[in-house]
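*Asks:* For the record, the sequence lines run as chains A and B. For the first sequence, counting from 1, position 270 maps to 270 in the working numbering; every step adds exactly one. With the second sequence counted from 1, adding 274 to any position gets you the working numbering.
Simulated from the structure, these hints should not be mistaken for laboratory data. Don't take every hint at face value.
Part of the chain B face toward chain A, derived, beta carbon under 10 Å [to be verified]:
| no. | residue |
| --- | --- |
| 1 | Tyr283 |
| 2 | Pro285 |
| 3 | Gln295 |
| 4 | Asn311 |
| 5 | Ile315 |
| 6 | Asn318 |
| 7 | Tyr572 |
| 8 | Phe574 |
All C-beta atoms in this analysis are idealised placements derived from N, C-alpha and C, irrespective of residue type, glycine included.
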Amino acid sequence: MIFLCTAMYNEAYPFIKQFNLRKDTSHQKFQVFKSEEITLIITGVGKLKGAIAVTYLLSNGTVNASDLLINIGVCGTNNTNIPLGTTFLCNKIIDHETQRAFYPDILFTHPFKEASVETFSTLVKDNNMDLEGDLVDMEASGIYQSSTLFLKAHQVFFIKIVSDYLYTDNISKDSISKSIEDQAIPILSWSHKVESGLLNNKKEFTEKEKEMLNQVVKNLKLSSTMEHQLKQLLKFYWLQYGTVEEILKQYMDIECQSKKEGKKHFEELRQKLI
Amino acid sequence: MKNLDKSLYSPSFSHVYIEKQAMNHPNTKKILNHFSNAQIIEINHYKDIFSRSHQHYGLQKKSPKLILALKKDHLIYKGAEVCEDFGHPYFYYTSTMMNCIYDCEYCYLQGMYTSANVVVFVNIEEIFGEVEKLLKKHPIYLCISYDTDILAFENVIGYGREWMAFAQKHQNLTIELRTKSANFKAIQDIEPLENMILAWTVSPDPIIKKYENKTPFLKDRLISIKGALDRGWKVRLCFDPLLSIEEWQKHYKEMIKYTFSQVAAEKIYDISIGVFRVSKDYLKRMRKQRGESLLLSYPFETQNGISSYDVQQTQKMINHVYQWTANYVSKEKIYI
Ligand code: SF4
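Could you put the whole structure together from the sequences, leaning on the hints where they help?
*Replies:* Structure below.
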């Protein structure tokens, strides 16, 4: 799943439109839009709102090793050499108030420029201000901290599109959507590439094998240490032969009357597995 | 799959994170000359990035980043129990780097660190200062390449060379530099030192191919070893860690035969032999990192917190490798 979060509806609109996202009306506290592959939440402006919305979103179900969370939004900069509309992937997030810095892992190749972003609690309108970050926003530090409770540092991305040089008075809602519109498709097609690269091909015991294992643990009256050892032995066997069904089958009908009897069978099973 | 990985993952050291205080250190500048296209990111403390909890060691190995920092404490450590001390009472090790450019499946660093990024401490002169303080008290046997592979990174930072210059000034210091690299050429101009041992981990090619990802093949390591011996260096061979894989007898026997067909056995300083062993806690984390590793899922036995093959298997492997080695090298030179 690709989780998108934007602070405002206008930032979300290009994605809602281009990817046909439908409003999920089961959510009352936040506006959530969905397709089969994308879930988008509108967080509201500010790092606290960002953190709350992302926590809400990610704690609503299980997250996987291939899931991504992308915070997309417009940002300001006092560097007038940067053309308006430039898209950046942030490699450093500085929380202006606490001066703590966070570093999303940039493991994947990407088509964007990179920059640092400084998150402020209030709107920055002074373009003479001394800034630590190349860019200025109001959500990134909150969203980083909440999202990494659920995801690893390489699964979270902060994509910021420069919309102003810190004179925010003349930014219209339309111009925000416009700034993002051209980037929606490139951002999403890159995200899909990353997501499929991360798709977990991890193999594990089948459900049937798991059930059989539980049954054998019961049948042999194994202690939790022995159960742990058995799991490790089965894993070793399974990695070599691809199945443990046949070997577990031999112990499905044995019902031990005592732990001593179970231990005897366990030892025998151990020998078979090494 | 490898090609897909190549296009998906940024190249190694695409990003260099530098502590603010390390920014102007001459070694930082020297290192940056090698990474002119890298993104430079200023950090406050290396632990802000290296010690984060939500990292994926395995994926980071596909695109490791470089972190340049100043080492401020624990400049030198007492040797750990699992390390062979070669009979030296003052056995220490030091980390001028953490992590390495190779990617061995059995590497204990993946159990020890939360990050696969490579840290270089640029203030090596302070580590030298600390060693000098200790040397005033007693002689030292110092391993400088335990949690890393210094020689593999020699072309970038030249720490092997710096340690050699340091060793030359301190006769009561003995240094072991351990490597899997084939990079002797980077230091071949240096006069051999009496108090420095170059130690090569030597493994059979099937093991290198399968479990020592990105490391040089046996033939290339042996060319380096031969170069060092011909130049007059003390060379230690480490048949360690021995791995209990299918046909291990055949692989290790052939490796030993091939090794001594390429290098003069009588010139070897000594040989250390040991089976794979690792702290129980590290093993737990290593297994988590590499859930599909047959090598790591082996049902090891744990004694005193160290996991390894059971006593019988350990002895069998050590005895065999010892006997095969003793066909070429006198027994006094073999440490088990
Ligand atoms: S060479 Fe040594 S430090 Fe490097 S990955 Fe291999 S085992 Fe680990």
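*Asks:* Hint numbers the structure violates, sorted upward?
*Replies:* Checked against the structure, the hints that fail are numbers 3, 4, while the rest are satisfied.
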